[in-house]
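Residues 2 to 252 (our numbering) are what the sequence shown spells out, left to right.
Since the hints were made in silico from the structure, they are not lab data.
Take these hints with a grain of salt, some might be off.
[Said to hold, decoys possible] Calculated pairs, DSS-like style, for lysine-lysine (alpha carbon to alpha carbon, straight line, at most 30 Å):
no.	residue 1	residue 2
1	LYS28	LYS87
2	LYS155	LYS190
3	LYS56	LYS87
4	LYS159	LYS206
5	LYS235	LYS191
6	LYS3	LYS206
7	LYS55	LYS87
8	LYS28	LYS190
9	LYS191	LYS87
10	LYS190	LYS224
11	LYS224	LYS3
12	LYS28	LYS56
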Amino acid sequence: MKLIITENYEQSAELAAQMMLDVVTEKADALLGLATGTTPVPVYRYMVEAVQQKKTDFGRVRTINLDEYIGLDGEDSNSYLYFMRKHLLDACQIPPERVMIPNGMADTQAELDRMNAFADANPIDVQLLSVGANGHIGFNEPSDVFYDRYHAVKLTQKTRESNSRLFSSIEEVPTEAITMGTGGIMRAKKIVFLATGEEKLDAMKKILEDGEVTPDCQGTILKFHQDCTLFLDKGMADQIRPAPYVEVRRV
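Work out the full structure: start from the sequences and follow the hints.
In C-alpha coordinates, the structure reads:
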(Lines of atoms letter the chains of each structure in order from A and count residues from 1; the text may use other names and numbers.)
(Lines give C-alpha, C1' and ligand atoms only; values in the text may rest on other atoms or scores of the structure.)
Protein backbone atom coordinates (compact mmCIF):
# COMPACT_ATOMS: atom_id res chain seq x y z
CA MET A 1 0.00 0.00 0.00
CA LYS A 2 1.35 3.41 -1.03
CA LEU A 3 0.24 6.78 0.35
CA ILE A 4 0.97 9.90 -1.67
CA ILE A 5 0.45 13.11 0.30
CA THR A 6 -0.44 16.16 -1.78
CA GLU A 7 -0.86 19.87 -1.14
CA ASN A 8 -4.60 19.78 -1.80
CA TYR A 9 -7.35 17.64 -3.25
CA GLU A 10 -7.04 19.18 -6.71
CA GLN A 11 -3.46 17.94 -6.90
CA SER A 12 -4.59 14.51 -5.70
CA ALA A 13 -7.18 14.37 -8.48
CA GLU A 14 -4.68 15.40 -11.15
CA LEU A 15 -2.13 12.78 -10.08
CA ALA A 16 -4.79 10.09 -9.80
CA ALA A 17 -6.06 10.92 -13.29
CA GLN A 18 -2.54 10.64 -14.67
CA MET A 19 -2.15 7.22 -13.07
CA MET A 20 -5.36 6.10 -14.75
CA LEU A 21 -4.19 7.54 -18.08
CA ASP A 22 -0.80 5.84 -17.79
CA VAL A 23 -2.58 2.49 -17.73
CA VAL A 24 -4.33 3.35 -21.01
CA THR A 25 -1.02 4.41 -22.53
CA GLU A 26 0.42 1.02 -21.65
CA LYS A 27 -2.67 -0.91 -22.76
CA ALA A 28 -4.93 0.69 -25.38
CA ASP A 29 -7.91 -1.56 -24.64
CA ALA A 30 -7.59 -1.30 -20.87
CA LEU A 31 -10.63 -2.05 -18.73
CA LEU A 32 -11.11 0.88 -16.36
CA GLY A 33 -13.03 0.29 -13.15
CA LEU A 34 -14.97 3.47 -12.40
CA ALA A 35 -16.58 5.02 -9.34
CA THR A 36 -19.25 7.67 -8.87
CA GLY A 37 -20.01 10.41 -6.35
CA THR A 38 -18.47 13.85 -5.90
CA THR A 39 -14.95 12.60 -5.11
CA PRO A 40 -13.98 11.35 -8.61
CA VAL A 41 -15.49 14.28 -10.54
CA PRO A 42 -12.23 16.27 -10.82
CA VAL A 43 -10.38 13.07 -11.76
CA TYR A 44 -12.73 12.62 -14.70
CA ARG A 45 -12.28 16.28 -15.66
CA TYR A 46 -8.53 15.77 -16.03
CA MET A 47 -9.07 12.54 -17.96
CA VAL A 48 -11.47 14.24 -20.38
CA GLU A 49 -9.01 17.10 -20.92
CA ALA A 50 -6.26 14.62 -21.81
CA VAL A 51 -8.48 12.87 -24.34
CA GLN A 52 -9.77 16.09 -25.91
CA GLN A 53 -6.21 17.43 -26.16
CA LYS A 54 -5.25 14.13 -27.84
CA LYS A 55 -2.70 13.32 -25.16
CA THR A 56 -4.44 9.96 -24.64
CA ASP A 57 -6.46 7.81 -27.03
CA PHE A 58 -9.62 6.24 -25.61
CA GLY A 59 -10.57 4.65 -28.92
CA ARG A 60 -10.41 1.12 -27.49
CA VAL A 61 -10.89 1.75 -23.77
CA ARG A 62 -13.54 -0.27 -21.94
CA THR A 63 -15.19 0.62 -18.63
CA ILE A 64 -16.96 -1.16 -15.82
CA ASN A 65 -18.71 0.56 -12.93
CA LEU A 66 -18.84 -0.43 -9.31
CA ASP A 67 -22.54 0.05 -8.80
CA GLU A 68 -25.96 1.38 -9.74
CA TYR A 69 -29.15 2.17 -7.86
CA ILE A 70 -31.96 -0.36 -8.15
CA GLY A 71 -35.08 1.32 -9.49
CA LEU A 72 -33.46 4.18 -11.43
CA ASP A 73 -33.50 4.29 -15.21
CA GLY A 74 -30.25 5.17 -16.95
CA GLU A 75 -31.85 8.38 -18.23
CA ASP A 76 -32.62 9.51 -14.68
CA SER A 77 -30.27 12.34 -13.73
CA ASN A 78 -29.54 10.61 -10.41
CA SER A 79 -28.55 7.29 -11.97
CA TYR A 80 -24.90 6.36 -12.14
CA LEU A 81 -25.09 5.71 -15.87
CA TYR A 82 -26.26 9.32 -16.34
CA PHE A 83 -23.44 10.48 -14.05
CA MET A 84 -20.81 8.59 -16.03
CA ARG A 85 -22.11 9.87 -19.35
CA LYS A 86 -22.10 13.43 -18.04
CA HIS A 87 -18.62 13.37 -16.53
CA LEU A 88 -16.64 10.98 -18.76
CA LEU A 89 -18.25 8.66 -21.29
CA ASP A 90 -19.85 11.10 -23.73
CA ALA A 91 -16.93 13.56 -23.74
CA CYS A 92 -14.48 10.71 -24.38
CA GLN A 93 -16.81 9.14 -26.99
CA ILE A 94 -16.90 5.75 -25.29
CA PRO A 95 -19.86 3.93 -26.88
CA PRO A 96 -22.41 1.89 -24.89
CA GLU A 97 -21.02 -1.42 -26.17
CA ARG A 98 -17.77 -0.74 -24.32
CA VAL A 99 -19.52 0.27 -21.08
CA MET A 100 -20.54 -2.22 -18.40
CA ILE A 101 -22.80 -0.85 -15.68
CA PRO A 102 -25.75 -2.51 -13.94
CA ASN A 103 -29.19 -1.71 -15.31
CA GLY A 104 -31.23 -0.49 -12.35
CA MET A 105 -34.53 -1.23 -14.09
CA ALA A 106 -33.77 -4.80 -15.17
CA ASP A 107 -34.39 -7.98 -13.22
CA THR A 108 -31.88 -7.82 -10.39
CA GLN A 109 -30.74 -11.45 -10.55
CA ALA A 110 -30.35 -11.27 -14.31
CA GLU A 111 -28.19 -8.17 -13.90
CA LEU A 112 -26.06 -9.86 -11.26
CA ASP A 113 -25.52 -12.80 -13.60
CA ARG A 114 -24.65 -10.49 -16.51
CA MET A 115 -22.22 -8.32 -14.53
CA ASN A 116 -20.55 -11.28 -12.84
CA ALA A 117 -20.09 -13.16 -16.12
CA PHE A 118 -18.34 -10.14 -17.61
CA ALA A 119 -16.24 -9.46 -14.51
CA ASP A 120 -15.15 -13.11 -14.31
CA ALA A 121 -13.94 -13.03 -17.90
CA ASN A 122 -12.42 -9.53 -17.96
CA PRO A 123 -9.89 -8.54 -15.30
CA ILE A 124 -9.93 -4.85 -14.35
CA ASP A 125 -6.66 -3.15 -15.24
CA VAL A 126 -7.12 -0.22 -12.85
CA GLN A 127 -9.93 0.55 -10.40
CA LEU A 128 -10.68 4.12 -9.30
CA LEU A 129 -11.96 4.06 -5.74
CA SER A 130 -13.03 6.19 -2.81
CA VAL A 131 -14.60 5.49 0.55
CA GLY A 132 -17.77 6.37 2.42
CA ALA A 133 -17.83 7.89 5.87
CA ASN A 134 -18.69 4.46 7.30
CA GLY A 135 -15.80 2.80 5.45
CA HIS A 136 -17.81 1.39 2.56
CA ILE A 137 -16.15 0.86 -0.81
CA GLY A 138 -18.52 0.58 -3.71
CA PHE A 139 -21.81 0.09 -1.88
CA ASN A 140 -20.35 -2.61 0.37
CA GLU A 141 -21.76 -1.41 3.66
CA PRO A 142 -20.45 -2.37 7.13
CA SER A 143 -21.28 -6.02 7.66
CA ASP A 144 -20.04 -9.23 9.23
CA VAL A 145 -18.86 -10.59 5.85
CA PHE A 146 -16.93 -9.54 2.75
CA TYR A 147 -18.91 -10.23 -0.42
CA ASP A 148 -17.00 -11.56 -3.40
CA ARG A 149 -18.93 -10.72 -6.57
CA TYR A 150 -21.65 -8.33 -7.70
CA HIS A 151 -24.60 -8.50 -5.30
CA ALA A 152 -27.66 -6.53 -4.24
CA VAL A 153 -27.44 -4.44 -1.07
CA LYS A 154 -29.76 -2.46 1.16
CA LEU A 155 -28.29 0.99 1.70
CA THR A 156 -27.83 2.17 5.26
CA GLN A 157 -29.58 5.30 6.48
CA LYS A 158 -26.17 6.98 6.84
CA THR A 159 -25.30 6.30 3.21
CA ARG A 160 -28.70 7.48 2.00
CA GLU A 161 -28.37 10.66 4.05
CA SER A 162 -24.90 11.27 2.60
CA ASN A 163 -26.12 10.72 -0.96
CA SER A 164 -29.28 12.80 -0.48
CA ARG A 165 -27.25 15.94 -1.29
CA LEU A 166 -27.51 14.84 -4.92
CA PHE A 167 -31.30 14.37 -4.78
CA SER A 168 -34.18 16.75 -4.04
CA SER A 169 -34.86 14.94 -0.77
CA ILE A 170 -33.81 11.81 1.10
CA GLU A 171 -37.16 10.24 0.21
CA GLU A 172 -35.98 10.14 -3.41
CA VAL A 173 -32.78 8.24 -2.59
CA PRO A 174 -33.20 4.55 -3.52
CA THR A 175 -32.99 2.05 -0.69
CA GLU A 176 -31.18 -0.66 -2.69
CA ALA A 177 -28.34 -0.94 -5.16
CA ILE A 178 -26.27 -3.43 -7.13
CA THR A 179 -22.58 -3.28 -6.27
CA MET A 180 -19.34 -5.05 -7.06
CA GLY A 181 -18.21 -7.10 -4.07
CA THR A 182 -14.96 -6.40 -2.25
CA GLY A 183 -13.58 -9.57 -3.85
CA GLY A 184 -14.13 -8.09 -7.29
CA ILE A 185 -12.49 -4.83 -6.25
CA MET A 186 -9.51 -6.71 -4.87
CA ARG A 187 -9.03 -8.58 -8.16
CA ALA A 188 -8.28 -5.32 -9.98
CA LYS A 189 -4.63 -5.30 -11.04
CA LYS A 190 -4.17 -1.76 -9.74
CA ILE A 191 -6.23 0.45 -7.41
CA VAL A 192 -6.16 4.26 -7.44
CA PHE A 193 -7.80 5.57 -4.28
CA LEU A 194 -8.78 9.10 -3.26
CA ALA A 195 -10.51 10.57 -0.24
CA THR A 196 -11.23 14.07 0.98
CA GLY A 197 -13.30 15.65 3.75
CA GLU A 198 -13.21 15.35 7.54
CA GLU A 199 -16.13 12.93 7.51
CA LYS A 200 -13.83 10.37 5.83
CA LEU A 201 -11.01 10.71 8.39
CA ASP A 202 -12.07 7.89 10.70
CA ALA A 203 -12.41 5.46 7.78
CA MET A 204 -9.01 6.46 6.42
CA LYS A 205 -7.38 5.92 9.80
CA LYS A 206 -8.77 2.39 9.88
CA ILE A 207 -7.50 1.74 6.36
CA LEU A 208 -4.01 3.22 6.76
CA GLU A 209 -3.12 2.77 10.41
CA ASP A 210 -2.18 -0.47 12.15
CA GLY A 211 -5.38 -2.38 12.82
CA GLU A 212 -7.57 -5.30 11.96
CA VAL A 213 -8.99 -6.07 8.54
CA THR A 214 -12.70 -6.21 9.25
CA PRO A 215 -15.92 -6.17 7.20
CA ASP A 216 -17.23 -3.66 9.72
CA CYS A 217 -15.04 -1.22 7.78
CA GLN A 218 -14.98 -2.72 4.30
CA GLY A 219 -12.15 -0.47 3.11
CA THR A 220 -9.69 -2.16 5.47
CA ILE A 221 -9.48 -5.07 3.02
CA LEU A 222 -7.30 -2.84 0.86
CA LYS A 223 -4.45 -3.57 3.29
CA PHE A 224 -4.15 -6.89 1.41
CA HIS A 225 -3.95 -5.43 -2.12
CA GLN A 226 -0.59 -5.69 -3.87
CA ASP A 227 -0.81 -2.44 -5.90
CA CYS A 228 -2.98 0.13 -4.14
CA THR A 229 -2.03 3.82 -4.23
CA LEU A 230 -3.91 6.27 -2.01
CA PHE A 231 -3.89 10.04 -2.54
CA LEU A 232 -4.63 12.28 0.45
CA ASP A 233 -4.14 16.01 0.89
CA LYS A 234 -1.79 16.95 3.72
CA GLY A 235 -4.62 18.33 5.86
CA MET A 236 -6.09 14.86 6.19
CA ALA A 237 -2.86 12.87 5.98
CA ASP A 238 -1.23 14.78 8.84
CA GLN A 239 -3.96 13.46 11.16
CA ILE A 240 -3.11 9.84 10.32
CA ARG A 241 -0.24 7.65 11.55
CA PRO A 242 0.30 5.15 8.71
CA ALA A 243 1.28 1.59 9.60
CA PRO A 244 4.95 0.65 9.07
CA TYR A 245 4.12 -1.30 5.92
CA VAL A 246 2.61 1.77 4.19
CA GLU A 247 5.04 3.43 1.77
CA VAL A 248 4.61 7.19 2.24
CA ARG A 249 5.67 9.92 -0.19
CA ARG A 250 5.01 13.66 -0.22
CA VAL A 251 4.77 15.61 -3.46
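Now for the hints, and whether the structure bears them out:
no., hint, verdict
1, LYS28 to LYS87, "holds, 25 Å"
2, LYS155 to LYS190, "holds, 28 Å"
3, LYS56 to LYS87, "holds, 21 Å"
4, LYS159 to LYS206, "holds, 19 Å"
5, LYS235 to LYS191, "holds, 23 Å"
6, LYS3 to LYS206, "holds, 14 Å"
7, LYS55 to LYS87, "holds, 20 Å"
8, LYS28 to LYS190, "holds, 13 Å"
9, LYS191 to LYS87, "holds, 25 Å"
10, LYS190 to LYS224, "holds, 14 Å"
11, LYS224 to LYS3, "holds, 10 Å"
12, LYS28 to LYS56, "holds, 14 Å"
Figure legend: structure checked against the earlier numbered hints; every hint is met.
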